[in-house]
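**Q** Protein chains in written order, with my numbering: chain A, 1369 to 1518; chain B, 1369 to 1518; chain C, 1369 to 1518; chain D, 1369 to 1518; chain E, 1369 to 1518; chain F, 1369 to 1518; chain G, 1369 to 1518; chain H, 1369 to 1518.
No lab work stands behind these hints: they were computed from the structure. Quick caveat, the model's predicted, so the values are computed rather than measured. Accuracy of the hints is not assured; some may be wrong.
Stated by the list, open to error - Calculated cross-link-like contacts (lysine-lysine; reagent style PhoX-like; alpha-carbon spacing at most 20 angstroms):
1) C:Lys1416 to D:Lys1372
2) B:Lys1504 to B:Lys1392
3) G:Lys1456 to H:Lys1456
4) E:Lys1456 to F:Lys1416
5) E:Lys1504 to G:Lys1392
6) G:Lys1372 to E:Lys1372
7) B:Lys1372 to F:Lys1392
8) A:Lys1372 to A:Lys1456
9) E:Lys1504 to E:Lys1372
10) F:Lys1372 to F:Lys1504
11) E:Lys1456 to C:Lys1372
12) B:Lys1456 to C:Lys1456
13) A:Lys1416 to B:Lys1504
14) E:Lys1372 to C:Lys1504
15) E:Lys1456 to E:Lys1372
16) D:Lys1504 to D:Lys1372
17) D:Lys1504 to A:Lys1456
18) F:Lys1372 to H:Lys1372
19) F:Lys1372 to F:Lys1392
20) A:Lys1504 to H:Lys1392
21) H:Lys1372 to F:Lys1416
22) F:Lys1504 to F:Lys1392
23) F:Lys1504 to B:Lys1416
24) G:Lys1372 to D:Lys1372
25) B:Lys1372 to B:Lys1392
26) C:Lys1456 to C:Lys1372
27) G:Lys1504 to D:Lys1416
28) B:Lys1416 to A:Lys1372
29) H:Lys1372 to A:Lys1372
To be verified - Some chain B residues close to chain F (C-beta under 7 angstroms, calculated; not the full set):
30) Ala1409
31) Arg1438
32) Thr1441
Where is the CB? At the ideal position from N, CA and C, for every residue including glycine.
Protein chains: 8
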Amino acid sequence: MTWKVYLSGEIHTPWREELENAVKALGLPVTFYAPVTDHAASDDCGAKILGAEMNPFWHDRKGAGLNSIRTQTLLAQADIVVVKFGDKYRQWNAAFEAGIASCLGKPLIVIHPDEFQHALKEVDSAAHAVTDDCSKVPRLLRYIIEGTLE
Amino acid sequence: MTWKVYLSGEIHTPWREELENAVKALGLPVTFYAPVTDHAASDDCGAKILGAEMNPFWHDRKGAGLNSIRTQTLLAQADIVVVKFGDKYRQWNAAFEAGIASCLGKPLIVIHPDEFQHALKEVDSAAHAVTDDCSKVPRLLRYIIEGTLE
Amino acid sequence: MTWKVYLSGEIHTPWREELENAVKALGLPVTFYAPVTDHAASDDCGAKILGAEMNPFWHDRKGAGLNSIRTQTLLAQADIVVVKFGDKYRQWNAAFEAGIASCLGKPLIVIHPDEFQHALKEVDSAAHAVTDDCSKVPRLLRYIIEGTLE
Amino acid sequence: MTWKVYLSGEIHTPWREELENAVKALGLPVTFYAPVTDHAASDDCGAKILGAEMNPFWHDRKGAGLNSIRTQTLLAQADIVVVKFGDKYRQWNAAFEAGIASCLGKPLIVIHPDEFQHALKEVDSAAHAVTDDCSKVPRLLRYIIEGTLE
Amino acid sequence: MTWKVYLSGEIHTPWREELENAVKALGLPVTFYAPVTDHAASDDCGAKILGAEMNPFWHDRKGAGLNSIRTQTLLAQADIVVVKFGDKYRQWNAAFEAGIASCLGKPLIVIHPDEFQHALKEVDSAAHAVTDDCSKVPRLLRYIIEGTLE
Amino acid sequence: MTWKVYLSGEIHTPWREELENAVKALGLPVTFYAPVTDHAASDDCGAKILGAEMNPFWHDRKGAGLNSIRTQTLLAQADIVVVKFGDKYRQWNAAFEAGIASCLGKPLIVIHPDEFQHALKEVDSAAHAVTDDCSKVPRLLRYIIEGTLE
Amino acid sequence: MTWKVYLSGEIHTPWREELENAVKALGLPVTFYAPVTDHAASDDCGAKILGAEMNPFWHDRKGAGLNSIRTQTLLAQADIVVVKFGDKYRQWNAAFEAGIASCLGKPLIVIHPDEFQHALKEVDSAAHAVTDDCSKVPRLLRYIIEGTLE
Amino acid sequence: MTWKVYLSGEIHTPWREELENAVKALGLPVTFYAPVTDHAASDDCGAKILGAEMNPFWHDRKGAGLNSIRTQTLLAQADIVVVKFGDKYRQWNAAFEAGIASCLGKPLIVIHPDEFQHALKEVDSAAHAVTDDCSKVPRLLRYIIEGTLE
């Protein structure tokens, strides 16, 4: 069985690539999914493909519609959802996807700096694992998939 | 992951072939599904296979029953549903399938001429993307699947 | 048990009032639900409450969003959905709601003039009863609810 | 039919009371639900009832567990979910509840200042109505429930 | 709590009335549901209300459509489904409703003469209780509802 | 896409083999599923594997339990369910499986001799296609899968 | 809103009565559900109502079938499920019902002596609140329902 | 079709390996899933990967969270769930997983010594097959999958 892991949240650091490389180095059977992580493309996709909008609200609506086709489909197919909250931006979308994942019954792994512990307590409470250290996740996936600690 | 895209609606223009060719040219991993698009076969399949009916109502019922075995199954398996409203016929079936797709939680892409904008506002409101230009859909699928605008 | 019946479709004739009166005269325990049937209010509600839009597409989107809060909730609560197709307008919304109702497993009663029989064959095929005569529906509801033909 | 409306989000302004009063003044059949809005009680409920924890992470976990018994139950029972994002705190819980509501198929009304328009675009995109003005919501509920604009 | 009990199957003996009377005598809080048990009405309802059909197949289809609006709705609302197989007719409809009830997760109580034990083994296997004696059911319902044996 | 077709019902004629051969001759991508069709094994599997029972009721219960592990799993995986009612035995199990299939939303094709038309009207009414002639089913599957009448 | 609370587990101590009395004293709007707590009746109900069995396995099967009609229905209706593990018997049924409740998405409150903490860690992990002290539950329900700590 | 079988329960005997070997010897197309069966790893995984906890309750919570990511995912994917109760430990987790499996509609095969027959009657009652002899399971799987007794 190949495990499908959706990586939600922070798009301004290379955490996805690092995680994927570390998991590949462990030889785990994992396929990773993610939202579009090219920030500019993600913001402008709707207007660029479907036509420009004057009002920024509808500009954003068009883009969010396209992005949700991708994220909704991949979230629904995932076996595990990992959500990373970083220290930049408001990241409401990460919390929104955590809510969807939780409602779909997907096991949730949450990564965030310790300083957000109180603000994220409801999200953490719905999670199966919480850590402030992204580098622990590969080992965590190895345990889940192979049952070994080393 | 291969994306399954169901193409609902208009059957009197070659939009499906054109879309499939354009998507193939982009090299996207997509499998297309569609209802039976041979109009005569679609109308008469019930009577031809299961036996003739005098009353056109039951003639149509028999055919619609067979067609829905196909459409219901493929709609349920699709990742994305594209519905095209053309300028001929009443096309209630397209709106009916849009309703089913929406209820199943399938992301919906709607194509229709601008002149139908008001009449289709409820269908559009349930859609993730709306366009009057079929040729935008391949680029749209590329963005959804590969996350790139060019 | 009070039966909840949602009356979808045609909003330009007094068929809902006539049906409700006839059902009341029969003393049946039915509560009727309906979309907003004031056409002007239904078209402009979004702009009037939430603010005007220049682009008619977004004007309609705002209104359709509000209307679907009502229709989605009432459709989901209904025991039976009656959909009437009249001879004016394109009525895609009626077919769209029929699709949602069918997908939700709601028993569907469809009313339409005979001339639409072929164009509506897929909707009819998903229905539990089809008639061209609205005045038959009260007797039909009496049979369903009380099990009597007279 | 009495409509059940869950009021999620901001707990530091009296928007719930104002909204409930305005809706009551309109005579609408609405029952309002809300999370616990006493901030101190909400933070400490777990420790105060079930026993203290040294580690603030588990202190919060205990409280979040209790709060989610209430919020999960009320969200699942609501017909409509209103989520308000204010200008204080990170409010990830509001976005998390919006995700759950969306996944449950609940119609979503989102209130936020214009300045958050871009940051909340994914949440807005899943909403049936978006406004920056809380005082529009009673009129909006009146339209949904009674179908009248005045 | 009032328990909703759907009584499926045999319509040629007065078992429903006897069961309802016995349960009433025990003072149990039960509401009984049933299909239409007037055999002639049940056979002809479609043709009598919606119009005659020459072909008996479509005559029956029309009637079955109406009857299923009632049975489908009541089955879905029931807390418990009781199915009685008698010694007349083929009673496929009883087994069909037992299949639906089982699939819906409704607790199933099956009544049949001992002679049908082998032929009904799959239905019995999906049941929570099986008896050949209808008069045991009131006592059985009392135990389920009140927890008492006398 | 390979279509999964579950063949329910009659086990005393070679209709499954004939159907499978005819479908293979047409080159259709179909995988067939079926209950165990060895009548003796099907009756005695429980006792033979798990241990004998004196009481025939529990003998049958043990066997039915095992058989339902197979049938329940395959029914749930099927895209299409074909149910054949023959002229021998009571075949309640066929109607029971038709009820489950219908409840699961599986498209249903029913085969039965004309003489059973009235007795099976409720099952037929839930079906997408009804025929008295098993040899029509391969052509029917070809139409559903390939959209061609010849 | 009246909250429905199902009290699962231990039947040899008067914890249900004590809990119900304490909750009543607080004036909370709660309806309590429970399995049959008369141990002898619960063990023998099947045989006493439906007829004796020689083999204790089938004696128990008959009784368990009846009991599950009650417990399955009440679990499905509950808003909250409280499971108490005491110090007598193996109590697998309590853990089994906790599994069902968790799978149904019901908020779970678990009560057990500290000594069982390790053995119940998977059940506790699925719970929203865990305590070793039954007398804390009324206060806990008051907080959930009324949002007050005193 | 490859059947997915989840082996729940007892982790202190080599029953999984023996079962897997016996099934392999029969040449059956089965993939086996299991929880982590290394007892020490299963107990300490949370603390070892995510960081130590002083309080054994939270130590166990962290581990149980990780383990449930694996077990929840595999239970949901399984076609059949086999649960073995041994004679050591309290094994509440086995009963808990049986409850989840039952609620998910997974066919359940239960293995336990005869002495636990009364204590496990509710779990047995939800099972499709019960045996005290693990060595019968391969033959049972062969019957389910291939329909043959020898």
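**Q** Keeping to a limit of 20 angstroms between CA atoms, is the pair of Lys1372 of chain A and Lys1456 of chain A held or broken?
**A** 27 angstroms, violated
**Q** Under 7 angstroms, Cβ to Cβ, is where Arg1438 of chain B needs to be relative to chain F, so tell me if that hint holds or is violated.
**A** This interface hint holds because 5 angstroms falls under the 7 angstroms limit.
**Q** Tell me if the straight-line CA distance from Lys1456 of chain E to Lys1372 of chain E falls inside 20 angstroms.
**A** Violated. Lys1456 of chain E to Lys1372 of chain E sits at ~27 angstroms, over the 20 angstroms cutoff.
**Q** Is the Cα-Cα distance between Lys1416 of chain A and Lys1504 of chain B 20 angstroms or less?
**A** 10 angstroms, holds
**Q** For Lys1372 of chain G and Lys1372 of chain E, compute the direct alpha-carbon distance and say whether it is at most 20 angstroms.
**A** 18 angstroms, holds
**Q** Below or equal to 20 angstroms on CA atoms is what counts here, so check Lys1504 of chain D against Lys1456 of chain A.
**A** Given that 20 angstroms is the threshold and the Cα spacing comes to 32 angstroms, the pair is violated.
**Q** Within a Cα-Cα threshold of 20 angstroms, do Lys1504 of chain F and Lys1392 of chain F meet the stated pairing?
**A** Holds. Lys1504 of chain F to Lys1392 of chain F sits at ~14 angstroms (cutoff 20 angstroms).
**Q** Starting from Lys1372 of chain F, check that the Cα of Lys1372 of chain H is at most 20 angstroms away, please.
**A** Holds, because 18 angstroms separates the two Cα atoms, which is no more than 20 angstroms.
**Q** Take a quick look at whether Lys1372 of chain H and Lys1416 of chain F sit within 20 angstroms of each other, Cα to Cα.
**A** 24 angstroms, violated
**Q** Given the hinted pair Lys1456 of chain B and Lys1456 of chain C, is their Cα-Cα distance within 20 angstroms?
**A** 16 angstroms, holds
**Q** Could you grab the alpha-carbon distance between Lys1372 of chain G and Lys1372 of chain D and see if it respects the 20 angstroms cut-off?
**A** 18 angstroms, holds
**Q** Would the hint linking Lys1372 of chain F and Lys1504 of chain F be met if the CA-CA limit is 20 angstroms?
**A** 18 angstroms, holds
Checked against the numbered hints given earlier, this structure breaks hints 1, 4, 5, 7, 8, 11, 14, 15, 17, 20, 21, 26, 28; the rest are met.
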